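My request is simple: use the sequences and hints to build the entire structure.
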Amino acid sequence: MSDDTDQSAGPSSGGRSVLDIAADWYPVPVVALLMAFMLWVRGQSWQNFVQDGQILLSGNDPWYHLRSTEYVVHHWPATRPFEIWTQFPTGTSVGQFGTLFDQVMATVALIIGLGSPSDHLIRLVVLFTPVVVGTLVAIPMYYLGKRLAGRAGGVLSVAVLGFIPGVFLQRSLVGTADHNIVEPLFQSLAVLALLVAFHVAERDSPVWEQVRAREWDALKPVLGWSTLAGIATALYMWTWPPGVLLVGIVGVFFLLQLASNHYNGTSPDHLAFVGVTSSVVTGALLLLPFDTIGFSASRFSLLQPLAAFAVAVACLFLAWLSRTFESRDVDRRAYPVVVLLISAVGAGLVAVLLPDVFAMIFSNLQRFVAFDASASQRTIGEAQPWLGSLSNYGGSRFALFFSQYGLAFFAMLAGLAWLLWRPFIDASSRKRWFAVVALVVTAIVSLLPGLLPTIAGTLGLNPTWTGIVVVGGLLFASVVIGDHDAEKAFVVVWTLFLIAAAFTQVRFNYYLAVPVAVISGYAGATLLRSDYVDIAAVRESAENVEAIHVIAVVAVLLVLIAPLAASVTLSTDRGNFQTTTAVQTGASAGPGGVTGWAPMLDWMQNNTPAEGNYGGAGNADQLDYYGTYHQTDDYDYPKGSYGVMSWWDYGHWITVLGERIPDANPFQGGATYAANYLLAQNETHANEILDSKGDANETTRYVAVDWQMAAVNSKFSAPTVFYDDREGVNRYDFYRPLLSQTQNGGYQLQAYVHSQDYYETMLVRLFRYQGSAMSPEPIVVDWDRSQGPYYLSNGQGSSSTVRQFNTTAEAEAYVANDSTSQIGGVGRYPSEYVPALEHYRLVGLSSKAPSQQLSNMPAWAKLYERVPGATVQGSGPANANVTASVTMYSTQQGENQNFTYTQRAQTGPNGEFTMTLPYSTTGYDEYGPENGYTNVSVRSTGNYTFSATANGTYWTGSADVTEGQVNGANDSATQVSMSELDLSSLLGGSSESGDGSSSGSSSSESGSGGSSDGGSSTSTDGTASDTTAAVTEPTARAA
1 MSDDTDQSAG
11 PSSGGRSVLD
21 IAADWYPVPV
31 VALLMAFMLW
41 VRGQSWQNFV
51 QDGQILLSGN
61 DPWYHLRSTE
71 YVVHHWPATR
81 PFEIWTQFPT
91 GTSVGQFGTL
101 FDQVMATVAL
111 IIGLGSPSDH
121 LIRLVVLFTP
131 VVVGTLVAIP
141 MYYLGKRLAG
151 RAGGVLSVAV
161 LGFIPGVFLQ
171 RSLVGTADHN
181 IVEPLFQSLA
191 VLALLVAFHV
201 AERDSPVWEQ
211 VRAREWDALK
221 PVLGWSTLAG
231 IATALYMWTW
241 PPGVLLVGIV
251 GVFFLLQLAS
261 NHYNGTSPDH
271 LAFVGVTSSV
281 VTGALLLLPF
291 DTIGFSASRF
301 SLLQPLAAFA
311 VAVACLFLAW
321 LSRTFESRDV
331 DRRAYPVVVL
341 LISAVGAGLV
351 AVLLPDVFAM
361 IFSNLQRFVA
371 FDASASQRTI
381 GEAQPWLGSL
391 SNYGGSRFAL
401 FFSQYGLAFF
411 AMLAGLAWLL
421 WRPFIDASSR
431 KRWFAVVALV
441 VTAIVSLLPG
451 LLPTIAGTLG
461 LNPTWTGIVV
471 VGGLLFASVV
481 IGDHDAEKAF
491 VVVWTLFLIA
501 AAFTQVRFNY
511 YLAVPVAVIS
521 GYAGATLLRS
531 DYVDIAAVRE
541 SAENVEAIHV
551 IAVVAVLLVL
561 IAPLAASVTL
571 STDRGNFQTT
581 TAVQTGASAG
591 PGGVTGWAPM
601 LDWMQNNTPA
611 EGNYGGAGNA
621 DQLDYYGTYH
631 QTDDYDYPKG
641 SYGVMSWWDY
651 GHWITVLGER
661 IPDANPFQGG
671 ATYAANYLLA
681 QNETHANEIL
691 DSKGDANETT
701 RYVAVDWQMA
711 AVNSKFSAPT
721 VFYDDREGVN
731 RYDFYRPLLS
741 QTQNGGYQLQ
751 AYVHSQDYYE
761 TMLVRLFRYQ
771 GSAMSPEPIV
781 VDWDRSQGPY
791 YLSNGQGSSS
801 TVRQFNTTAE
811 AEAYVANDST
821 SQIGGVGRYP
831 SEYVPALEHY
841 RLVGLSSKAP
851 SQQLSNMPAW
861 AKLYERVPGA
871 TVQGSGPANA
881 NVTASVTMYS
891 TQQGENQNFT
901 YTQRAQTGPN
911 GEFTMTLPYS
921 TTGYDEYGPE
931 NGYTNVSVRS
941 TGNYTFSATA
951 NGTYWTGSAD
961 VTEGQVNGAN
971 DSATQVSMSE
981 LDLSSLLGGS
991 SESGDGSSSG
1001 SSSSESGSGG
1011 SSDGGSSTST
1021 DGTASDTTAA
1031 VTEPTARAA
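By the UniProt record's numbering, the letter at position 949 of the sequence shown is numbered 949, and the numbering carries on one by one without gaps.
None of these hints come from the bench; they were simulated from the model.
Keep in mind the model is a prediction, meaning the values are calculated, not measured.
A few of these clues could be false.
Pair by pair, the computed Cβ-Cβ distance ranges are [as the list claims (entries may be wrong)]:
no.	residue 1	residue 2	range
1	744	466	50 to 60 Å
2	224	639	44 to 54 Å
3	576	451	26 to 36 Å
4	466	284	36 to 46 Å
5	621	348	48 to 58 Å
6	748	338	55 to 65 Å
7	448	748	27 to 37 Å
8	116	220	43 to 53 Å
9	116	287	29 to 39 Å
10	345	288	50 to 60 Å
In the DSS-like style, the derived pairs of lysine-lysine whose C-alpha atoms are separated by at most 27 Å in a straight line are [stated by the list, open to error]:
no.	residue 1	residue 2
11	715	848
12	715	639
13	693	715
The beta-carbon is built from N, C-alpha and C at its ideal position, and this holds for glycine as well.
See below:
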């Protein structure tokens, strides 16, 4: 700890120089200015989150924190015990939501709103909370830096934190109200309290004999600070139950430091006081939110309090073992070895006696510090390994680290090395040699990342865990052998764990930012206070200022702050990379993809039946949106309840903005269920999947999809990871990257080639085709060879890989003679005919488009209703294909967004056919949310037309389908009788009109921009051009 850390809290001005006063007080205005800067950076773009009078949030989790906060406002201070408004049809426990974070936001809203805050006020509080919380981290940051390197260390630490543009800043921007930002605040407070408790314990040297003698006055300081540390640790876990990792870090520290104390001749009693007291307090407080019997890292379970109590017991045992060794005069060097062996035996006993608990602990340890991630975890952007994003930084590790922390990351590594190996300078030669070996091995493994995996692979060992054991063992052994003071040893252990966590999941950089700032500030302040610089001399007199002082201060600022304050261009092997500053990052903040969903979900809330009232069930009052529900494995939903199927990313938006119940959510609940449905290869099986959960009263009625789900370079690949409906299926069964050769002989991504399985998925059939049939076009994708999952093309440009022919026959002939080609597979064009869906209709869509470049996807998101469909019974030519066709338009976007729905059926020997049609043409005003049905916004421009050709003749007919027939309120069938027209006479120029329409009404499908590809215009007026168009199989255009 620094020299000036022990000074009294309030400096006195009596008899002191101006320089003395300035040296003592300058951190106050400097830190205040830095905090004001942090507040402004984080909140500067708040207006981007207010759109059309509605306050939006970014990401996914903030929306559920909003819901949790609203619940606490209605039930203060209680949090939600069970959630039925997500993960239909079972409901779920929400674990990490409805914690102290939400209680704080709700309390603030209640205070500002004088006990009755409006929904708008609650959203405002949630909107700005991350800005305030992210700024408040500067306070414990200053004191952490001050404890290591004095006031200069504290100020430098805050400055680095204030300018960091990476994950920590991104998680504290306006609108990102997630527990991710409050975690570093409470963890920093807990670490600060622990450091003070360690210092007091080492200063006062408490022993257990003082407890027997009841010397409470002497023990009061260490017991007081230890209790405060226990409270702070518990508060941290009240915010985030998986924060039990901190208890694990504290436990590892006590294991190492108590072993080090005994090894170096210091009684472990002193620190054991802190370990026992703080851990007992933490464990006791964690019993208060306890809500589940069993062991779970994500919920308040037995794991959290028992882990804390285990640390307390371990500290007692280690102190007793030390006394036993001392009384029996056992060699001190044996103590760490025995402790290690006992720890290994203890872990083995847990694995044997409590295998489920051991598996759960090991699994969570892998998720946090294993430097790697599972396949399902990699579908979550924030949970991917840090190095997994190297391609975004030109493959340069330096650019990756620099983009997050500038040079402060490397200053942190230097400061960490100095903290870890400083005690070895004055140690024995044996210890110094160990330190040198440990340092060299760590440097080699870091600089040659492929070396250790190669050695491990040769020996048949897991490369990741081999690296953790070798490097971690050397580093932790350095803590034991070196005679470190407890504060610095804990900072080292804590930082090493957070480095591992950040490399395992990139999001944990919001934790790592704290030690990066603290230790880089420590490194800078240590340099300034070194004998070579001696910055303290300036405090005595301004005349003592020398060039070395100015140079040193400027150098520290240039290293720590300048690279963060300005945008820097880095040169990598793959080109230049431009960094962003904190100001630029803050200015670009916005709500993101929710803007594409909000209009549709707002429409859904107002135009679909309330939960519990589908079909007029009248049970909406049993599903209170802010109601309290008790935990169960499978909630019994009342009749009229329904689910909304979508990918899990969008579950919270559906709950909060649509006030409907999603089947899957960002807790990853229902992820496999959703994946199996979205990737199902036929409608019948898709419906079987939906019907496999819940009883007859618990049915999924709507499906919501967006362009990102359908785009293979966006979210399409995520469901393929969770999909388990067919064995051995992965993303490359749906698409392959097509690489084209560049001028320098390399390859670059040109396009993605979709397989027919891609076009057969429910997801694609809904988003791209609106449930309509789709025929292949005479388009061929051609490549030269395959290499693994890639198609390679030697040509340059799309003209050499995508070929268009005049007819389908020509395209088929080309493919027949070229094994490295296929019909279709690009854009919306399949390789084979895709049949129409019979039970899904587009009812609502977003008014926002993804971008002007995606003209074939003009709606960001689309909402479909699963309906019984109208039965059509008809007669026409025998053994012929009959095509039903109707033009639909969106009342939300106007008639420019027309599309044509088509469906094909085969007539029997007697000419009879049956169809099930999902779109209605009349009767819209008879149904709406008030009587338990959908007020559809996608309506027809006219009736259905039916067409067929047989033996040189053209058959046609038309009919209306009522809304009641589609939604199941009316189970009558529509009858169609097709009439025969002489196709040859029509093509010869006859202008006579056919009179065979079953209803006698006409249906024009020529709307602007909405005509279907190759056959959207059908009319019963008998003109030759219209009839010719009708013969061609109609296809759908995306709405």
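**Message:** Looking only at beta-carbon atoms, does the pair residue 748, residue 338 fall within the given range of 55 to 65 Å?
**Reply:** Taking Cβ atoms as reference, residue 748 and residue 338 lie about 59 Å apart, which means the hint holds.
**Item:** residue 693 paired with residue 715 [C-alpha distance capped at 27 Å]
**Value:** Satisfied, since the Cα-Cα distance of roughly 25 Å is no more than 27 Å.
**Request:** Return holds or violated for the Cβ distance of residue 448 and residue 748 against the range 27 to 37 Å.
**Result:** holds (29 Å)
**Request:** Take a look at whether the Cβ-Cβ distance between residue 116 and residue 220 falls inside 43 to 53 Å.
**Result:** For residue 220 against residue 116, whose Cβ atoms are near 44 Å apart, the range 43 to 53 Å holds.
**Message:** Quick check: does the Cβ-Cβ distance between residue 224 and residue 639 fall within 44 to 54 Å?
**Reply:** violated (59 Å)
**Request:** Starting from the hint 48 to 58 Å, judge whether the C-beta atoms of residue 621 and residue 348 obey it.
**Result:** holds (56 Å)
**Message:** Against the 27 Å threshold, does the CA-CA distance of residue 715 and residue 639 hold or violate the hint?
**Reply:** violated (34 Å)
**Item:** Satisfaction of the hinted span 29 to 39 Å by the C-beta atoms belonging to residue 116 and residue 287
**Value:** holds (33 Å)
**Request:** For the range 50 to 60 Å, tell me whether the beta carbons of residue 744 and residue 466 fit it or not.
**Result:** violated (38 Å)
**Asked** Per the hint of 26 to 36 Å, is the separation of the Cβ atoms of residue 576 and residue 451 within bounds?
**Response** holds (30 Å)
**Message:** Hinted pair, alpha-carbon criterion (27 Å max): residue 715, residue 848. Please report holds or violated.
**Reply:** Satisfied, since the Cα-Cα distance of roughly 19 Å is no more than 27 Å.
**Asked** Has the hinted range 50 to 60 Å been met by the Cβ atoms of residue 345 and residue 288?
**Response** Once the Cβ atoms are compared, 33 Å apart, the range 50 to 60 Å for residue 288 and residue 345 is violated.
Hint violations for this structure: numbers 1, 2, 10 and 12, all remaining hints satisfied.
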